[in-house]
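Participant: The primary structure of each chain is shown beneath.
2 protein chains.
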Amino acid sequence: MQQTRLDIARIRAARRVIDPVFLDTPLYRCEALEPGLGCAVSIKLETANPVRSFKGRGTEVVASLLAEHGPRAVVCASAGNLGQALAWSGRGRGLDVTVVASRFATVAKLDRIRALGATLELVDGDHELARERAADIARYDGIRLVEDSLDLETCEGAATIGLELLELLEPKGQQAEQTELAELAELTALTGTAPPFDTVLIALGGGAMATGVGHVMKALAPGVEVICVQPLGAPAMTRSWHSRHVVTTDSTDTIADGVAGRRPIPAVLDDLLLVADDAVLVREESIIAGMRMLLDHASLVVEPSAALGIAAVLEDRDRFAGRHVVTIVCGSNVDVDAYQGWVGHHR
Amino acid sequence: MQQTRLDIARIRAARRVIDPVFLDTPLYRCEALEPGLGCAVSIKLETANPVRSFKGRGTEVVASLLAEHGPRAVVCASAGNLGQALAWSGRGRGLDVTVVASRFATVAKLDRIRALGATLELVDGDHELARERAADIARYDGIRLVEDSLDLETCEGAATIGLELLELLEPKGQQAEQTELAELAELTALTGTAPPFDTVLIALGGGAMATGVGHVMKALAPGVEVICVQPLGAPAMTRSWHSRHVVTTDSTDTIADGVAGRRPIPAVLDDLLLVADDAVLVREESIIAGMRMLLDHASLVVEPSAALGIAAVLEDRDRFAGRHVVTIVCGSNVDVDAYQGWVGHHR
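Protein chains in written order, with full-length UniProt numbering: chain A, 1 to 347; chain L, 1 to 347.
By construction, these hints were calculated from the structure, which means they are not laboratory data.
We treat Cβ as the ideally placed atom computed from N, Cα and C, and that holds for glycine.
Incorrect hints may have been included.
A few chain A positions that, by computed beta-carbon distances, are all more than 12 Å from chain L [claimed, not checked]:
#1 P20
#2 E31
#3 A48
#4 V51
#5 D111
#6 L120
#7 E167
#8 R262
#9 L295
#10 H297
#11 E315
#12 D316
If the Cβ cut is set under 10 Å, some of the chain L residues that face chain A in the computed set are [unchecked claim]:
#13 D24
#14 P35
#15 G38
#16 C39
#17 A48
#18 N49
#19 T249
#20 D253
#21 L295
#22 R323
#23 H324
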């Protein structure tokens, strides 16, 4: 594999500074989903933690570094999950956290950012305007800007999910931290142990999770296909991946607020080109069908971004027939009324 | 503490035979619930596994013992969760599993028992009739009867939840398995470490979870108050606990199907008298309000039994004001239409 910005040793080190409440999340086969999808499906559940998304992994890395030797004030733009996670991680370490978000963001996310004691500033525009405003605040106030997916800590935090996906590869009782990469590769070769899954489906937004988990797969389990999934209504990064250069869009139109960016970051795209095997776009109705399947057959309430993997299978059953996919259920912060409107059986 | 039928060393041993997919479940503070409840609330989430309830812990113990040196055929009565879990655990070990259930049981639970390859027999009556029928089958066919809460393995499996609740008590890196009881007690005394919670709320049905988790608390963290919660519509065990002898009821009337027994088992009551600090009854509307709070503020779909702890706080806010409760969210197997009918925002 060519060099991405990521590194397995750093990812293992990141794992050691993350609060355990975000680690070792459930990974389980969900057979009730399988008749409807035509393939084996395992869920990696990133919602059962204090901020209900995977973003705490990255903000723990960011905040622990800042608490050690950085400025005590920090700002980020967020569709809601990063901001909530940074507010949580910052509060525990006495950091002063500012979050900039679109005033159209999910209300539950904004409420929880405020409840965690962060300063919340709303912009009258979309997430890209929030990014600009956050950068301005950082510049004017001289505080640390956390840029999701660009800042390596956010990718390394997300990448720890990948290490946990591979735990089944490892001999019992031997921790990821204690296993050298070479040893692991050798062991895998010797025993012929295959991972119990052959495909990982990753929601694609800014790219932190896709490049992070993708890097781990390509480094430690290169046989696993890494497929990124984005909504047709917010296709910038996927189009960029296919054309191998940054493609921006003028607007987004999707309920999957967590992945609705318009301006991919070049360095992140470069990494994604090295670790993703494919990037696919899915329709809104497939996202909703995926959310409904996760409710009906897995008793899981998820936000739209977390249903992208299931949506990808629904849109291309032939491709996945007979395979074993892991889908990362990455967040569950929804406005319940909106959620009920999407999936509601009672109308 | 007087002797219950349980034993910490056996519970630790049980933990070693349980498939890891059921262990180390999420335990996290859920602050979004707290303004509505007036106390600190942590969730121990037992739903993110292949059978979506805590029952897999017990059936793993049962099935691993049977696979080693027992009969290869087994029968149990179940409201649905035990049967599903026994079907899962038995399938993995080549056991022949029969489940007897009421024909009024939750459809989703029955479907999943069948899907896991167990033989399902329905009786035209309630759970107590299913218990009688399962005992008859065991007698006539000479196969092993698994009796929930009476069979120690079911209590020991559930008790492993208690060990995990106490992990925060233990020094980092030291595993429960490696810590002797005396050492742990000494360490706790020396460091003055208090558990980060002072109350555990446990759904009370047959009593496996209440006696199991209660035993662990009384043995290793006697300062934690153990409160059992049962629906007013199925109060037999709670009434028995208060009167210190078995009290049966003629019928049950509750949506909390998982805990709707009428005939407490004397040996289980004896244990419960030794480990529970209180047993309370809650109204159906409080159970529904609890389910709705878990959906609105924790993005969790739960079955009614799993909302009993929240219901208990809702019914007696003064008692819990300022305290830190852990509530075990013990199952999420619901018929989605019924669930939507209970909690639905859209009607």
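Participant: Run every hint past the structure and note whether it holds.
Facilitator: Against the structure, the hints come out as follows:
{"no.": "1", "hint": "P20", "result": "violated, 9 Å"}
{"no.": "2", "hint": "E31", "result": "violated, 7 Å"}
{"no.": "3", "hint": "A48", "result": "violated, 4 Å"}
{"no.": "4", "hint": "V51", "result": "violated, 9 Å"}
{"no.": "5", "hint": "D111", "result": "violated, 8 Å"}
{"no.": "6", "hint": "L120", "result": "holds, 16 Å"}
{"no.": "7", "hint": "E167", "result": "violated, 9 Å"}
{"no.": "8", "hint": "R262", "result": "holds, 27 Å"}
{"no.": "9", "hint": "L295", "result": "violated, 6 Å"}
{"no.": "10", "hint": "H297", "result": "violated, 9 Å"}
{"no.": "11", "hint": "E315", "result": "holds, 23 Å"}
{"no.": "12", "hint": "D316", "result": "holds, 25 Å"}
{"no.": "13", "hint": "D24", "result": "holds, 6 Å"}
{"no.": "14", "hint": "P35", "result": "holds, 8 Å"}
{"no.": "15", "hint": "G38", "result": "violated, 15 Å"}
{"no.": "16", "hint": "C39", "result": "violated, 16 Å"}
{"no.": "17", "hint": "A48", "result": "holds, 4 Å"}
{"no.": "18", "hint": "N49", "result": "holds, 5 Å"}
{"no.": "19", "hint": "T249", "result": "violated, 29 Å"}
{"no.": "20", "hint": "D253", "result": "violated, 24 Å"}
{"no.": "21", "hint": "L295", "result": "holds, 6 Å"}
{"no.": "22", "hint": "R323", "result": "violated, 19 Å"}
{"no.": "23", "hint": "H324", "result": "violated, 14 Å"}
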